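Enquirer: Take these sequences, add in the hints, and give me the full structure.
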Amino acid sequence: MANGNPGVPVSFDKIQKSFGAVRVLEELNLDVKPGEFLVLLGASGSGKTTALRILSGLETATEGRVRIGDRDVTDTLPKYRDISMVFQSYALYPHKTVGENIGFPLKVRKIPVAEREIAVKEAAAQVQLDELLHRYPRELSGGQRQRVALARAIVRRPSVFLMDEPLSNLDAKLRGHMRAELKHMQEALGTTTIYVTHDQIEAMTLAHRVAILERGVLQQLATPSEIYNNPANLFVAQFIGSPPMNIIHGTLQGDVFASDAGKIKVPVKGKVEKALLGFRPEDCSIAAAGKGELAGQIFTNELIGDHTLVTVKTNKDMLAVKAPKEYRGKSGQTVGVALSKGGLYLFNAENGARVR
Amino acid sequence: MGRRTESRTGFPRPVSSFQSWLIKNTIRMVLVGWSLVCLFPIYWLAVTSIKGNADVERPGTFVPLLNFTPDLSAWHFILVDQHENLVSRFFNSALIGGFSTCLTLTISCLCLYAVTRLSRVASRLHDNALLWAVLSTRLLPPAILALPYYVMANYAGLFDTRTGLILVYATVNLPVAIWLLLPSFGNRSTEMEEAALIDGAAHLSILFTILLPTLRASLLAASTLVFLLCWNEYLFAVYLTSDQALTLPPWMVGQLSMKEAQVGGGPEEVAHLSAAATLMFAPLLIFASLIMRQLGKAALWRS
Numbered sequence: 000m001a002n003g004n005p006g007v008p009v010s011f012d013k014i015q016k017s018f019g020a021v022r023v024l025e026e027l028n029l030d031v032k033p034g035e036f037l038v039l040l041g042a043s044g045s046g047k048t049t050a051l052r053i054l055s056g057l058e059t060a061t062e063g064r065v066r067i068g069d070r071d072v073t074d075t076l077p078k079y080r081d082i083s084m085v086f087q088s089y090a091l092y093p094h095k096t097v098g099e100n101i102g103f104p105l106k107v108r109k110i111p112v113a114e115r116e117i118a119v120k121e122a123a124a125q126v127q128l129d130e131l132l133h134r135y136p137r138e139l140s141g142g143q144r145q146r147v148a149l150a151r152a153i154v155r156r157p158s159v160f161l162m163d164e165p166l167s168n169l170d171a172k173l174r175g176h177m178r179a180e181l182k183h184m185q186e187a188l189g190t191t192t193i194y195v196t197h198d199q200i201e202a203m204t205l206a207h208r209v210a211i212l213e214r215g216v217l218q219q220l221a222t223p224s225e226i227y228n229n230p231a232n233l234f235v236a237q238f239i240g241s242p243p244m245n246i247i248h249g250t251l252q253g254d255v256f257a258s259d260a261g262k263i264k265v266p267v268k269g270k271v272e273k274a275l276l277g278f279r280p281e282d283c284s285i286a287a288a289g290k291g292e293l294a295g296q297i298f299t300n301e302l303i304g305d306h307t308l309v310t311v312k313t314n315k316d317m318l319a320v321k322a323p324k325e326y327r328g329k330s331g332q333t334v335g336v337a338l339s340k341g342g343l344y345l346f347n348a349e350n351g352a353r354v355r
Numbered sequence: 000m001g002r003r004t005e006s007r008t009g010f011p012r013p014v015s016s017f018q019s020w021l022i023k024n025t026i027r028m029v030l031v032g033w034s035l036v037c038l039f040p041i042y043w044l045a046v047t048s049i050k051g052n053a054d055v056e057r058p059g060t061f062v063p064l065l066n067f068t069p070d071l072s073a074w075h076f077i078l079v080d081q082h083e084n085l086v087s088r089f090f091n092s093a094l095i096g097g098f099s100t101c102l103t104l105t106i107s108c109l110c111l112y113a114v115t116r117l118s119r120v121a122s123r124l125h126d127n128a129l130l131w132a133v134l135s136t137r138l139l140p141p142a143i144l145a146l147p148y149y150v151m152a153n154y155a156g157l158f159d160t161r162t163g164l165i166l167v168y169a170t171v172n173l174p175v176a177i178w179l180l181l182p183s184f185g186n187r188s189t190e191m192e193e194a195a196l197i198d199g200a201a202h203l204s205i206l207f208t209i210l211l212p213t214l215r216a217s218l219l220a221a222s223t224l225v226f227l228l229c230w231n232e233y234l235f236a237v238y239l240t241s242d243q244a245l246t247l248p249p250w251m252v253g254q255l256s257m258k259e260a261q262v263g264g265g266p267e268e269v270a271h272l273s274a275a276a277t278l279m280f281a282p283l284l285i286f287a288s289l290i291m292r293q294l295g296k297a298a299l300w301r302s
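Taken in order, these protein sequences are the chains called A and B. Note that the first sequence ends on residue 355 in numbering that gives the first Met the number 0; no numbers are left out. Note that the second sequence ends on residue 302 in numbering that gives the first Met the number 0; no numbers are left out.
None of these hints come from the bench; they were simulated from the model. Predicted model only: the values in this text are computed from it and were never measured. The beta carbon of each residue, even a glycine, is placed where N, CA and C say it ideally should be. Check before you lean on any hint, since a few could be wrong.
[Claimed, not checked] With a straight-line Cα cutoff of 20 Å, these simulated EDC-like cross-link-like pairs (lysine to aspartate or glutamate) come out:
id	chain 1	residue 1	chain 2	residue 2
1	A	K78	B	E190
2	A	K315	A	D259
3	A	K95	B	E190
[Said to hold, decoys possible] Now the stretches of chain A that chain B is said to cover, found in silico as 3 or more residues with beta-carbon under 8 Å:
id	segment
4	124 to 133
5	303 to 309
Expert: The following block contains the structure:
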């Protein structure tokens, strides 16, 4: 029972979920590969946590089937699904010591004490908690509590790890540290992991593949680099990246995108009345006045450290441009913005679909 | 009015330290005064129990040794002459109160877990109705229930048995316990319980090994109150017991004031009654002070 079972596939098959009249998930189809680290990314209310809770068995789907490995677990109780879950609040048992917390999943499964102690020590060592087994959760720091929750999840060697925003209660520095540890641990164990977050950095750094959800609809399922370099639609394009992708309103005629700020030759062809041109802040640069595809005035300069973020105001839109850190422009100065051909994305403004 | 500055929240705040000293001590004195008013009857009871017959009805007898000479004859009567009776009634009260409190708390926790955790959202309204229905049994005046209980106890062969009284007390105190514990149960599972569910625990073990230990403070408070209600209960005890299961309150009122036609007769009985009453609440005072310490400790578990 306690032996490891790495590399089990998970699938959501036409999962729908409504709370009364509110539809939270609309026909979610998602296949997670064996041993994969999959991140469900979305804003609050996107249905990502609901999807995870349906997989855990804490919530039941209105329609559709859930499979873990070759088993259909749609109607299976959580405890028979061979999963473990880490919660945002850590959900530790406050009246039990660290050791008792970690050993609890084994205790309720009636694993003999001797065997249990070995497993607890092993799991605790994995998250550097060996010294703290006799403490109570209230005597631990946030990061240590997070480790206890992790150890409790790995002690049973389940088929699948579920994580519901496990790092969002930590401060920024610790979060970065725990992120690296989490990634390392998942690679070492090779256990299929499904991780819910609203933090795009976490998603990009941890995931093998990211599933972006919005209003209960899966927007794109792809590797982090694919998501960043080849967004499926306007939502994904704007959700990922910081600062977000610049958007210019205009029309597409043939391979020319026309807007108030200028006419731009684009790498796609089509005829769209209300079109949007998107490009990331690093795919453009500040040019001398009169040069470059677009024109505007400098609104602000912000020195970030490794670059200067220049905000340029055109007639209608604000554009964020990543300039070299030495760049010093004056507010109100007229400049041009040069675009790199490889970083242009076109979208249909009506439905957000990508024009390819 | 002294100088004032605006505090961060915008409320004017007195600056002078004398002013704040005055306010603090005025509040303190009002509270102390009110406590004295509340505690006086208890003091009066204890003091009356050590008065001789002549002093019981004589006015101006407040402080022993100063106003009157203590006389322990009432205590002698209660502790020595009535020794056997006292011990058996005391034992009955403690046993019935203890068992009935355990029963009440167990049933109410099971009930609350079921209503707040195991029912579906759709039936929430129904559950609320259920909780009101539970309370409705408490809305009836106990005097109306006493007679039916007497008849039922007779039929069931539970008249004048401890079991009978334990069951009746559990019934009438169940709504109190349920409504007292309802806020601490909340209206849905916490992440902690969900974690236990995924870890593989059954609902019953989640209730008893995960949820209840974290609600220790509320459980202690509720059980103290329920025990008090049992300990001091008079009406049902009068109706449902005669000798074997007789508890302290009816014994005190019945046996100790028998000599006069009405309750609280002559000075002798008043002293006896006072001694018995003092003996009745003394363990409660000790118990309550212990509980207060535990409540403080239990509050720590929440962090």
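Enquirer: Tell me, in ascending order, the numbers of any earlier hints that this structure violates.
Expert: Violated hints: 4 and 5; rest satisfied.
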